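Novice: Sequence:
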Amino acid sequence: MIRYFGDYLTSTLENYRLKVALPSKLNDPFDFALATEGVVTIEEEIKNLYDRLDDPAFYSNLREAPELSHFSDAELKKIVLKNPLPAAQALVDDQDGLREHFKIETHKIADNNTRVLCFSSDSIEKDSDILMWSHYGYSHQGYRVHFDTTFLQQNGIQARVVNYENKRVSIPLGISSSNPLFPEKIEQSMHTKGEIWSYEKETRFLISPSLCMYDQETKMEYVKFPPESLLRIDTGIRSEPVVVEKIVEHLERKDFAHVELYEADLDESEFSIKYNRKK
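Residue numbers (our numbering): 561 to 839.
Among the hints, erroneous ones may be present.
Pair ranges (Cβ atoms, derived) [claimed, not checked]:
id, residue 1, residue 2, range
1, Thr710, Lys668, 31 to 37 angstroms
2, Phe631, Arg720, 41 to 47 angstroms
3, Ser789, Asn643, 58 to 64 angstroms
Taking lysine-lysine and the DSS-like style, the derived pairs with C-alpha atoms no more than 25 angstroms apart in a straight line are [unchecked claim]:
id, residue 1, residue 2
4, Lys686, Lys745
5, Lys761, Lys779
6, Lys642, Lys607
7, Lys638, Lys579
8, Lys745, Lys585
If you are wondering where the hints come from, they were derived from the structure by calculation, not from laboratory data.
What you are looking at is a predicted structure, and each value in this text was computed from that prediction instead of being measured.
Every residue, glycine too, gets a C-beta built ideally from N, C-alpha and C.
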């Protein structure tokens, strides 16, 4: 499978690690964007209130109602426990606020439980090759790296081939986070994208945070990869020679002696990219 990199590929090779992403930080705003169905009724919201008593965003939503705006979180909690009906009514009257709360809640649950690592198939069509380099290869200044991803086949990691659909994954607005359908829909949304992206042939690895390491210097999380999983590197048409030199130096190490190196170039007559082997 393939993955695109910028000049930071040199750091990737030096440290044998791949950066993972929080679900809420994926590039496309439609990524992990659950659609909500219907409206919430008083009866549904009363059932849901008790699941939300420890959520600060819940009290922020309540304070949108003028009659509740001056209460603290602790005071609002007492009010809700004593008589849930006014709080439920205030939330039902603010359906937009409920949708925003729902978005925050789904992002929080996903970010607490999952990291995402994305790859594309190495059998991408010729026409799509140019698009992939333009979108993910830093306008052809970056690098395309081929991996054997079997090292990701372990407990705590789920491989999900991305589904390309016309409609977003949807879920009833009034559903409680304790409902088994809730995490199921969150997981489904992590590997569903619009049909316009189907040329990517993407696979996403959903990784437990316990398998990731946090770097204090970069403020990012990573997973380690074994050197034998790295198969080939393609330099972009506009890659900086000084960076390419550093990559070549890394590939001279014993760990990476098996890695092939190719240079991307314009085809002489067609709108396509050709690859010339350098190592």
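Novice: Does the hinted range 31 to 37 angstroms hold for Thr710 and Lys668 at CB?
Specialist: holds (32 angstroms)
Novice: With a cut-off of 25 angstroms on the C-alpha distance, tell me whether Lys745 and Lys585 pass.
Specialist: It holds: about 18 angstroms lies between the C-alpha atoms, which stays within 25 angstroms.
Novice: Measure nothing beyond the straight line between the CA atoms of Lys642 and Lys607; if it is 25 angstroms or shorter, mark the hint as holding.
Specialist: holds (14 angstroms)
Novice: Does Lys761 pair with Lys779 here, judged by a C-alpha cut-off of 25 angstroms?
Specialist: This hinted pair is violated, its Cα atoms lying about 29 angstroms apart.
Novice: Does Lys579 sit within 25 angstroms of Lys638, going by the straight-line distance between their CA atoms?
Specialist: Roughly 44 angstroms separates the two Cα atoms, so the pair is violated.
Novice: Is 58 to 64 angstroms respected by the C-beta to C-beta distance linking Ser789 and Asn643?
Specialist: For Asn643 against Ser789, whose Cβ atoms are near 59 angstroms apart, the range 58 to 64 angstroms holds.
Novice: For the hint 41 to 47 angstroms, verify it against the beta carbon of Phe631 and that of Arg720.
Specialist: Holds: the Cβ-Cβ distance is about 43 angstroms, inside 41 to 47 angstroms.
Novice: Lys686 and Lys745 were given as a pair; does the straight-line alpha-carbon distance stay at or below 25 angstroms?
Specialist: Not satisfied, since the Cα-Cα distance of roughly 34 angstroms exceeds 25 angstroms.
Hints 4, 5 and 7 from the list above are not met by this structure, while the remaining hints are.
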